[in-house]
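From first to last, the protein sequence lines are chains A and B.
Counting in the numbering used here, the first sequence runs from 597 upward without gaps.
Counting in the numbering used here, the second sequence runs from 597 upward without gaps.
Some clues are possibly wrong.
All copies of an identical chain are treated as equivalent in the list; a pair is satisfied when it fits inside any one copy or across any two copies.
[To be verified] Here are the simulated EDC-like pairs of lysine to aspartate or glutamate, each with C-alpha atoms no more than 20 Å apart in a straight line: (1) Lys688 to Glu604; (2) Lys633 to Glu663; (3) Lys610 to Glu663; (4) Lys609 to Glu651; (5) Lys609 to Glu629; (6) Lys610 to Glu689; (7) Lys688 to Glu663.
Just so you know, these hints were derived from the structure itself, not from any lab.
Small disclaimer: the values here were computed from a predicted structure and weren't measured.
Number of protein chains: 2
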Amino acid sequence: MAINSTAEIYIGKKAVMSYVLACLTLFHDGASEVVVKARGRSISKAVDVVRILRENFIRNIKIRGIEIGTEVIAGRNGRPLSISTISIRLVKEGST
Amino acid sequence: MAINSTAEIYIGKKAVMSYVLACLTLFHDGASEVVVKARGRSISKAVDVVRILRENFIRNIKIRGIEIGTEVIAGRNGRPLSISTISIRLVKEGST
Numbered sequence: 597m598a599i600n601s602t603a604e605i606y607i608g609k610k611a612v613m614s615y616v617l618a619c620l621t622l623f624h625d626g627a628s629e630v631v632v633k634a635r636g637r638s639i640s641k642a643v644d645v646v647r648i649l650r651e652n653f654i655r656n657i658k659i660r661g662i663e664i665g666t667e668v669i670a671g672r673n674g675r676p677l678s679i680s681t682i683s684i685r686l687v688k689e690g691s692t
Numbered sequence: 597m598a599i600n601s602t603a604e605i606y607i608g609k610k611a612v613m614s615y616v617l618a619c620l621t622l623f624h625d626g627a628s629e630v631v632v633k634a635r636g637r638s639i640s641k642a643v644d645v646v647r648i649l650r651e652n653f654i655r656n657i658k659i660r661g662i663e664i665g666t667e668v669i670a671g672r673n674g675r676p677l678s679i680s681t682i683s684i685r686l687v688k689e690g691s692t
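Isolated chain A, as found in the complex:
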């Protein structure tokens, strides 16, 4: 992976630690920025991933920005359904 690349992680149904380890791997492989993304009920888990990562693994990770938004998906019967999203942008201090 090139230096100064941005990687994205989508939070889903797996255990929190799976995503923490995925973030660690990305930073270790040279990503300068990792964006943690989630929607719906997984939003809480995304915040947990960032908390655990910063508290227990890489203390020099900074939150560069947090965005919340809306995504429209096809719900039951094909009706459009609005769902909340979050996007948490992390950078390792020292990288640019």
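Dock chain B against the given chain A, drawing on the hints supplied.
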């Protein structure tokens, strides 16, 4: 309530619409800023409250800032337990 006051809403176990209505009431009563706070599993609900409020009720609400953090509470057996928190700061455009 005085003009330019900041109000806080803590998201808990009630239905999403209860909190949406609470926000509406606060803005209607003159709050210039409302901070939506939640922790743990309620974080997703906090993001839903903000989304529904902005999509369906007050379109000129801006997100001034989003913070995520950690709170330490007493868990089972009195052991300290870290819990994720979110704080979403909302302002009504036109108010200062």
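Evaluation of the provided hints:
When the C-alpha separation of lysine 688 and glutamate 604 is checked against a cutoff of 20 Å, the pair qualifies only within one copy, where the shortest distance is 14 Å, while the shortest distance between copies is 32 Å. Taking CA atoms no more than 20 Å apart as the test, lysine 633 paired with glutamate 663 passes in both settings, with 10 Å inside one copy and 16 Å between copies. Proximity of lysine 610 and glutamate 663 under a CA criterion of 20 Å is satisfied in neither setting, with 22 Å inside one chain copy and 24 Å between copies. In this assembly of identical chains, the alpha carbons of lysine 609 and glutamate 651 never lie at most 20 Å apart, being 22 Å within a copy and 27 Å across copies at closest.
Proximity of lysine 609 and glutamate 629 under a CA criterion of 20 Å is satisfied in neither setting, with 23 Å inside one chain copy and 35 Å between copies. In the homo-oligomer, the alpha carbons of lysine 610 and glutamate 689 never lie at most 20 Å apart, since the shortest distance is 28 Å inside one protomer and 39 Å across protomers. In this assembly of identical chains, the alpha carbons of lysine 688 and glutamate 663 lie at most 20 Å apart whether taken from the same copy (19 Å) or from different copies (18 Å).
Checked against the numbered hints given earlier, this structure breaks hints 3, 4, 5, 6; the rest are met.
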